[in-house]
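Engineer: Read top to bottom, the protein sequences are chains A and B. Residue numbers for the first sequence, in our numbering: 1 to 122. Residue numbers for the second sequence, in our numbering: 1 to 931.
Any given hint might turn out to be false.
Claimed, not checked - DMTMM-like, lysine to aspartate or glutamate: derived pairs with alpha carbons at most 25 Å apart:
id, chain 1, residue 1, chain 2, residue 2
1, B, 315, A, 51
2, B, 613, A, 78
3, A, 60, B, 793
4, B, 160, A, 83
5, B, 223, B, 196
6, A, 60, B, 842
7, B, 856, B, 842
8, B, 315, A, 34
9, B, 901, B, 879
10, B, 315, A, 9
11, B, 315, A, 83
12, B, 160, A, 34
13, B, 598, A, 52
14, B, 160, A, 64
15, B, 344, B, 421
16, A, 60, B, 800
17, A, 60, B, 528
18, B, 598, A, 78
Just so you know, the hints here were simulated from the structure itself, not pulled from any lab data. In this text, all values refer to a predicted model and were calculated from it rather than measured experimentally.
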Amino acid sequence: MSTTYYTEEHEWLRVEGDVATVGITNHAQEQLGDLVFVDLPAPGNSVEQGDDVVVVESVKAASDVYAPASGEILEVNESLGGDASLVNSGAEGDGWLYKMKLSKPAELDQLMDKAAYDASIA
Amino acid sequence: MTQNPFLERHIGPGDTDQRAMLNKLGMTSLEALISQTVPASIRMEGEVSIPDGIGEEAALAELFAKMDKNVAAKAMIGQGYHGTHVPPVIQRNMFENPGWYTAYTPYQPEISQGRLEMLFHFQTLVAELTGLPIANASLLDEATAIAEAAGIAYRHHRQKRQRIVVANKVHPQSLDVLKTRASTIGFTVDDGDIDDTVAAVILQLPDTEGALSNPDAIVEAAKSVNALVIVSADPMSLVLLEAPGSWGADICVGSMQRFGVPLGNGGPHAAYMAASDALTRLVPGRLIGESIDAHGRPAYRLALQTREQHIRREKATSNICTAQALLANMAAAYAIWHGPAGLKAIAERIHGLAARFCNALTASGFSVASGKFFDTITVTSAGNAEAIFNAAEASGYLIRVINADTVSVAFDETSTEADLEVLCDIFGVKIVDAPKSNLTASRNFDSFLSQEIFHSCRSETEMMRLLRKLMDKDLALDRAMIPLGSCTMKLNAAAEMMPVSWNKTANIHPFAPAHHLKGYQVMTDDLDRWLSDLTGFAKVSLQPNAGSQGEYAGLLAIRGYHEANGQGHRNICLIPSSAHGTNPASAQMAGYDVVVVKCNAEGDVDLADLTAKATKHSENLAALMITYPSTHGVFEAEIREICAKVHEHGGQVYLDGANLNALVGLARPGDLGADVCHMNLHKTFCIPHGGGGPGVGPIGVAPQLVPHLPGHVVQGSNGAVSAAPHGSASILPISWMYVRMLGGNGLKVASEIAILNANYIAERLKDHYPILFTGKNGRVAHECIVDVRPLKDSAGVSVDDVAKRLIDYGFHAPTMSWPVAGTLMVEPTESEPLAEIDRFIEAMIAIREEAREVEKGTWPKDNNPLHNAPHTAAELTADVWSHPYSRSMAAYPNGVDIASKYWMPVSRVDNLHGDRNLVCSCPPLENYAVG
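All chains, full assembly: derive it from the sequences and hints.
Structural biologist: In structure tokens:
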């Protein structure tokens, strides 16, 4: 059973136990346009909530993606290396960015659920 | 009446036109317009003390007499700079051809295919020489290229490894620049052990004394700890040697100067950089990529721009902006002209002369450095270095003195059998019959430069036509106005350009002794004095060889000043949100943390926010970087107050001189309170843009910063930012000629007319488009921002659509989406005549009317002349035409002259395809083999 959280910075986390899968929202990818490159972190890195850990690039812009929670990077989505457009076609599915082990689960309390996020971008 | 014959040639609008333009603005005189535009509070008192202008012939004669004091000896100093023959076909058809040198950086690919293609060949050449796949389209010089490579390694290891190890004898100037760069970025430079604290190992081949040692042990040591291997290599030696990429180099850099670019007392020359695939995103500078156009045909463009300062700002890979496009193109043309067989013959002949010289010396008992070499022989003769140098000089040769006992002699393409004989005489030795080589050519020539282009020009007819064909694809200043805001695409007059080709300008080695450089000294002293006077500063350094380098050097001067005052902890650099991207990128390179200051709705610096941030960071405030007039093209009346506020909190003020063309003769940065300012000589002072370089970015400084200007190792100091003491010295005469011909008063008139031209455009366009940001009296400075964003909502027409449609009308687009996204910034300069300005205005108005047809529904949003622009001849003559507007409407809108229309070679270039499928060099022919 998983729970999905959202941030004001347009990231989502799908949490199962103490592991979260992280990506950017469909709304975010629409705003960014066609992506050409995703710069992913190295597994094993520890990150704090709010750190810039990923860079997503379109032809004309590079945008930081912040860590929505603190923890250790477990795994990154290797298929993005060959095809950044997966983020466009499946931002909240196949286009996930990385998985992390949460070190401060209490941080999740600050985040939004889907209804609150949808309302925030409406 | 003016006594200044050249001024009338430099200024676009004549007296009658000026009156008509003033009339349109409702003004009775130019002075009245300037009073409305330039706030009284910033106007300079009195006038600059630059002498009155003189005519072209008189100025050329005066400069010739000065430069004649240089000594054009046969320079066999080496140390990164070598004699070369500029092929006459390249000299005349490219180097001295405005179709090549007046073009802008190829941001608009549809009108830049010619130089993009030649730069692509340059990248292919570099990839072939180095054996590394990702070659960029040039860097500023060899020394900064090494520093950039070290920066890549530091980033590659995510700042966790702080050591860069220099593993053999690199050129002293490279080490000087590298150490300057290291001091602020955060890495250190040493020659110690290679362990896992090392980000990269630097190896120069041949080393600065000519030795070609076996790199295997060093490469192995580096690989064992995952340190990158950076190789700085002479490209002429690489013609014969195995490509460094094949034996472990991760990054390879060097200078392409000896591929047909004059010595020019140090520059401009193109440095090259190539890297492995894994480092692609860390490579700085322009990268030309192949993509496709809207009809699927191949087309070139600038690739992966998100690495660069104009997008990434303080997170960019480097602050580099302008590179050395013209010189890179010359090097590529040189390789095409000679082809692989010709290059091999040149390299072998150079090596043969060096080998025979070496044999002659050893046969007579001289002590010569042992081991392999390419072109440089280092000789030891106890206590005799000076005597040998003097004997050589007396015979018209310059050799390098390494120390009191050691000299070196570097052979080059221009060296002859007669030179060898004279040199042997100088050393008192005789040529002996012995093997002509100590070098085994290890390159596989079967596959070297197998691409078709390097086999296409054996005859001069073919070469001449290739250069013409490529040039014709591009829209440069010789064909139409290039109204790029912030870029100052003014006239590069022929008389200004001529001294660059003079023998005693071009054929001068940068490390020649001072008494050989007296002409350069007098010329640069003049420029120092004039530029100091125009900017209100105490001293000017001409060393920075690009505007970005000027920013960096200026911030280093500020840093040095704070450190000297025991304030070295100051590390905050305030930068307005409207700043050019190089500002934060330079601040980051200078080791500063960037704090962004807001701009208000008028586009001015938000004084309250500035005050708050200066106060908050008072203890640590190092500098403010501010552009004046602002990047929005407005003279902010509060500039003095802003400078005073920064000083109050202990900071220094860096004024970005990108917009100096609106100030010269009217106001001086030094008087406004700035402590340092860079001048883009390639904007305000007439050096052409070269299709993306060269640029020159000297800095002027207030008295307290003079001790902190860049030094140079060959001048007995340090802190160099460029490889040569005077940077790109050989193009400084262009600016000398401009200042001398216009004189103090003429320079002021140029600024006034630049302001008149911009305000005329703003006035005539304001009923068709909103004009953003004007001063208190509704005037703009020397440029104006035209807002096309409303068309996006009303007609689905983007700023790109407008820019590309302007190509159909025969124009280079204005600056797009900067400093305000979705808008166009127009800078006509003083050199554009009224007729051309009117043609541009009429085109912009016609485009507005075309958008109106879309608004009305006459044409669909996704099938109209704007959306489909630009229209190529191929599309217009195709059998099928599926647009709801006519072919003539597409090709000849609003009276575009049928007889002189510019035809772009490709339709709109697909940026997404190019960045998703990076191709930045042409693969070898064998890759096309079938089966």
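Engineer: All hints, please: hold or fail.
Structural biologist: Against the structure, the hints come out as follows:
no. : hint             : result
1   : B:315 with A:51  : holds (15 Å)
2   : B:613 with A:78  : violated (42 Å)
3   : A:60 with B:793  : holds (21 Å)
4   : B:160 with A:83  : violated (29 Å)
5   : B:223 with B:196 : holds (10 Å)
6   : A:60 with B:842  : violated (30 Å)
7   : B:856 with B:842 : holds (21 Å)
8   : B:315 with A:34  : holds (21 Å)
9   : B:901 with B:879 : holds (22 Å)
10  : B:315 with A:9   : holds (19 Å)
11  : B:315 with A:83  : holds (24 Å)
12  : B:160 with A:34  : violated (32 Å)
13  : B:598 with A:52  : holds (23 Å)
14  : B:160 with A:64  : holds (21 Å)
15  : B:344 with B:421 : holds (24 Å)
16  : A:60 with B:800  : holds (12 Å)
17  : A:60 with B:528  : violated (39 Å)
18  : B:598 with A:78  : violated (39 Å)
Of the numbered hints given earlier, the model fails hints 2, 4, 6, 12, 17, 18; all others are met.
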